Structure formats: C-alpha cells, structure tokens
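Protein chains in written order, with our numbering: chain A, 1 to 223; chain B, 1 to 223.
In short, the hints are calculated from the structure, not lab data. Bear in mind the structure is a predicted one, so any value in this text is a computation, not a measurement. A couple of the hints might just be wrong.
[As the list claims (entries may be wrong)] Taking lysine to aspartate or glutamate pairs in the EDC-like style, the calculated list, with each CA pair at most 16 angstroms apart, reads: (1) LYS58(B) - GLU217(B); (2) LYS78(B) - ASP150(A); (3) LYS195(B) - GLU217(B); (4) LYS29(A) - ASP114(A); (5) LYS78(A) - GLU217(B); (6) LYS202(A) - ASP177(B); (7) LYS202(B) - ASP59(A).
[What the hints assert, rightly or not] The following label-pair restraints were derived from C-beta to C-beta distances: (8) THR203(B) - LYS222(A): 48 to 54 angstroms; (9) GLU81(A) - LYS29(B): 49 to 55 angstroms; (10) GLY93(B) - HIS188(A): 21 to 27 angstroms; (11) GLY93(B) - LYS29(A): 45 to 51 angstroms; (12) ASP22(B) - ASP18(A): 44 to 50 angstroms; (13) ALA82(A) - GLU16(B): 52 to 58 angstroms; (14) ASP23(A) - GLU205(B): 51 to 57 angstroms; (15) ASN109(B) - ILE61(A): 50 to 56 angstroms; (16) LYS222(A) - GLY204(B): 52 to 58 angstroms; (17) VAL209(A) - ASP108(B): 46 to 52 angstroms; (18) GLY204(B) - ASP23(A): 50 to 56 angstroms; (19) GLU27(B) - GLU27(A): 52 to 58 angstroms; (20) GLY94(A) - ASN109(B): 39 to 45 angstroms; (21) ASP23(B) - GLY94(A): 23 to 29 angstroms.
For every residue, glycine included, the Cβ atom is placed at its ideal position computed from N, Cα and C.
2 protein chains.
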Amino acid sequence: MDEVKVIEIKKSIFAENDKDADDLRKELKTRGVYLLNLMSSPGSGKTTTLVRTINLLKDKIRIAVMEADIDSDVDAVKIKEATGIKSIQLHTGGMCHLDAGMTRQGLDNLPLGDVDLVVLENVGNLVCPAEFDTGSCRNAMILSVPEGDDKPLKYPLMFSVCDVVLINKTDVLPYFDFDMDKCREYIHMRNPEAKVFPVCAKTGEGVDVFAEWLLGEVRTWKK
Amino acid sequence: MDEVKVIEIKKSIFAENDKDADDLRKELKTRGVYLLNLMSSPGSGKTTTLVRTINLLKDKIRIAVMEADIDSDVDAVKIKEATGIKSIQLHTGGMCHLDAGMTRQGLDNLPLGDVDLVVLENVGNLVCPAEFDTGSCRNAMILSVPEGDDKPLKYPLMFSVCDVVLINKTDVLPYFDFDMDKCREYIHMRNPEAKVFPVCAKTGEGVDVFAEWLLGEVRTWKK
Chain A
1 MDEVKVIEIK KSIFAENDKD ADDLRKELKT RGVYLLNLMS SPGSGKTTTL
51 VRTINLLKDK IRIAVMEADI DSDVDAVKIK EATGIKSIQL HTGGMCHLDA
101 GMTRQGLDNL PLGDVDLVVL ENVGNLVCPA EFDTGSCRNA MILSVPEGDD
151 KPLKYPLMFS VCDVVLINKT DVLPYFDFDM DKCREYIHMR NPEAKVFPVC
201 AKTGEGVDVF AEWLLGEVRT WKK
Chain B
1 MDEVKVIEIK KSIFAENDKD ADDLRKELKT RGVYLLNLMS SPGSGKTTTL
51 VRTINLLKDK IRIAVMEADI DSDVDAVKIK EATGIKSIQL HTGGMCHLDA
101 GMTRQGLDNL PLGDVDLVVL ENVGNLVCPA EFDTGSCRNA MILSVPEGDD
151 KPLKYPLMFS VCDVVLINKT DVLPYFDFDM DKCREYIHMR NPEAKVFPVC
201 AKTGEGVDVF AEWLLGEVRT WKK
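Produce the complete structure using the sequences and hints provided.
Written out as structure tokens, the structure reads:
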C-alpha cells in the first residue's frame, strides 16, 4: 500500500472555537482555498463518494483531502490509491470531532498554494462534529439509505448545520423502507435551504450533479 | 401515539465515572436487576432488534427499556407500541453519550422492584459512548451489514469494550461487499472473547439465539 502522511492531532488550545473558525475561513478566502467539511455516520460511504467526486473534478481543479480517523489510515490510503491526489490522515487520538484548531493543524501539512479545494472527511459521527465549526466554507453530510429516512428527526443539529445532504446508496432503495420524499421533508424541517443530492457512490449515479455544484462553489469562492 | 415518559438528563456531577459505575453495578446486583448497555451507529437497527428480542423474552422475564436520544421520543414510543413493556425516553440535551450518573437518573424513573432486565439504548454513536462505563452488566453493540466489515478497524475502542456484537441486516448481505468471516476476525482482534451473533431484525432470523444468550445472562445475574 502507498504510504500516506499521518498527523497526530492535539486537542485545540483555543477556547473560542467560533472566533478561530471565522479567522481560518477568512485566511482561506485570502488564499483562494475552499474547504468542505464532510460528515456522516460510520459506514455511510464518505470515502467512496469522495473518490468518485475527486475523479470527476481533478482535471478541473487542484484537490487535497484530509481524512480524520481515530486510529487507522485506511481511508487516506484508499483516496490516494484511487485518485492519485494528495491525501493526509489526521489521527484524533480518540477525539470524536474536529474543531477549527485541529483543522488548522491538518491544513498546515498541505501545500495550500497548490490547492483549490480541500475536503475534510470528519470523524464518522452524527453528534459531536455538528457542534464544532471547523472553519470550512460549507458543511456537507452523507446520509445512506440503510440508516433510515428518520435521521433528521433524531440528529437535528447535524441536519441544521449542513448546507448539503447527499443521500447515498440509492441502489439499495428497493430493499429498505426509505421514503425519499419524507426524508427531504425532514431535512428541510431542520434547514429549509439545504440542497439534497441523491447519489450512488458505488455506481456513480448522481455524483456528477454534486460534483458540478461543488465546482461552482469553488469557482465562486476564488473570485 | 402512546405517551411515554420523557426525562431530561442532566450532565453528571460525578467526576469519577468508573467508581460511580462500579457502585451502580453493585446496587443492581443487590436488587437483582440486569442492565444491558446497547450501542451502535445511527440507523443500525437497535430499536427493531430490541422489539424482536423483547417479544421473545417478555413472557419469561420482566423487561424495561430506557431510550437515550438527543431530542425525539420516536424510539420509546415504538418500543411501547410494539411490545407493551415499560419504556422511557432519556433526553440527553445534545450530549453524545451516557455515563453512570446519567444512567442512574434514568433508572430512578423505573419501578426496579418489578424488573429483571433493563436495556439502555445508548445514543447512536460509535465513538463517545464507548468511553463511559454506564454501570451496565454487559456492553452490546450492533453493527449492520451496510456499514461495512471494516468498522472494528476504525472504531477500536467500541469493539474492545463490547462483550457482544450483533451483526444486523443479514438479509441484505447479497447487495453489499461484507465479508462475515473477515468481520469476525476484526472483532476478535479487538476483543478475543466477544460473542458474535448474525441477526436480521426485520425478519427475526437469528434473534432467538441472542435472546437465549441474554436470558441466560439475566438468570445467572439474579442467582
């Protein structure tokens, strides 16, 4: 397997995370770097979706990925092998989320002058990551069909803070009681402005629509 | 819908959670009440599995359920409607886990003199709940097939602290790349003693084997 850089993230010393996140966002704007914070439950397909998205965009913009994980580096290796782009692993040492200070530690290990888009794959968790602004330009999350259409009712904050919700694993819709219309309705109860993209990372279906949206976001940010 | 009792749980004031958990476990032993702490990702099927298990056991032992959730009470209502047993909802107010003090607050709202088994359905999260001993007799977790067989590699602590792992949604095995043997191997890397039960809560397949194990546990505890 390819070797990837693994960074041991320390708990942030900044007490005021919101201020630190705003400062980071301003710095990224100045440098023309767009940061997407991608969240989800464990096993919803973040890494596979990312691989598809990156392969659609990597000839148009320069992309890097930061994979947050408690312990392993399987995701960073997978991204690097499947896309060839710069990918680093952030070890959170058991921490259940990333804040702006921790995100900054990761960014310091990327060649930001050569990057247009950084995707932060947050820890697989629908609770804690929603509570901390990472300094990203946008928050996105993936809800997979097998998890059920009621998740916006149970994890309200996560769905409130996300600008984009990808509904993944649409290929298994016939085998689960998942009502797409009801799910959209629940998502919009939490955030009326949220964009919802049904995708199937396994087959690639729908990922192009999300990739097109992301490309537009990055280009607008860099203006 | 049936009304269920909803308890707003406050953050525990006990600094020494491990000691408090041990004290709680001793008290439960004295009272002949077995507490099972059930953990999983969001959407892995905890509530459906519980309904099946309770319906297999409720004529043999007296059961109560405490449903921990950030905000909603859909799970407690579902349990009550589908099984008729005593079910209460614990609102964690955004907290991502339960500790022993919070568990005790829930138990104080149950008629423990009339109960043999209490199941605590923890917050859907593979990270934080693993870090806090709730005072339960055993920790169990559910991993569902769509989440992937690699989860023990990514969430090591959760699999280390669990005595039992239920592998749920076996009915959709044909549609996912999930290697049951590999998954068992990864689980046993984290905890060589862990019992692994493949189940399908939707059809009921395999749930009887888990229920039988649980019945034996409760009877041994009460001796």
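Against the structure, the hints:
Straight-line distance between C-alpha atoms of LYS58(B) and GLU217(B) comes to about 15 angstroms, which keeps the hinted pair within the 16 angstroms bound. A distance of roughly 13 angstroms separates the Cα atoms of LYS78(B) and ASP150(A); the hinted pair therefore holds under the 16 angstroms criterion. In summary, the hint linking LYS195(B) to GLU217(B) is supported, as the alpha carbons are separated by about 13 angstroms, within the 16 angstroms threshold. Distance check on the hinted pair: LYS29(A) and ASP114(A) sit about 14 angstroms apart at the alpha-carbon level, within 16 angstroms; holds.
Straight-line distance between C-alpha atoms of LYS78(A) and GLU217(B) comes to about 41 angstroms, which puts the hinted pair past the 16 angstroms bound. Proposed proximity of LYS202(A) and ASP177(B) is supported: the alpha carbons are some 11 angstroms apart, at most 16 angstroms. Proposed proximity of LYS202(B) and ASP59(A) is contradicted: the alpha carbons are some 44 angstroms apart, above 16 angstroms. Between THR203(B) and LYS222(A) the C-beta distance comes to about 52 angstroms, which sits within the given range of 48 to 54 angstroms.
Between GLU81(A) and LYS29(B) the beta carbons are some 51 angstroms apart, a value that agrees with the proposed interval 49 to 55 angstroms. Taking the beta carbon of each, GLY93(B) and HIS188(A) are about 24 angstroms apart, inside 21 to 27 angstroms as hinted. Checked against the given bound of 45 to 51 angstroms, the beta carbons of GLY93(B) and LYS29(A), roughly 35 angstroms apart, lie outside it. At roughly 38 angstroms, the beta carbons of ASP22(B) and ASP18(A) sit outside the given window of 44 to 50 angstroms.
Taken as a hint, the range 52 to 58 angstroms is violated for the pair ALA82(A) and GLU16(B), whose Cβ atoms sit roughly 46 angstroms apart. Between ASP23(A) and GLU205(B) the beta carbon distance is about 54 angstroms. The supplied range of 51 to 57 angstroms therefore holds. For ASN109(B) and ILE61(A), the hinted distance range of 50 to 56 angstroms is satisfied, since their beta carbons lie about 55 angstroms from each other. Range check, LYS222(A) to GLY204(B): Cβ separation about 55 angstroms, and the 52 to 58 angstroms hint holds.
For the pair VAL209(A) and ASP108(B), the beta carbons lie near 51 angstroms from each other, so the given range of 46 to 52 angstroms is met. One distance hint, 50 to 56 angstroms for the beta-carbon pair GLY204(B) and ASP23(A), holds here, with the actual separation near 54 angstroms. At roughly 53 angstroms, the beta-carbon separation of GLU27(B) and GLU27(A) lies within the given 52 to 58 angstroms, and the hint holds. Checked against the hint of 39 to 45 angstroms, the pair GLY94(A) and ASN109(B) fails, with Cβ atoms roughly 31 angstroms apart.
Hint check: ASP23(B) to GLY94(A), Cβ distance near 25 angstroms, so the stated range 23 to 29 angstroms holds.
Violated hints, in rising order: 5, 7, 11, 12, 13, 20; the structure is consistent with all others.
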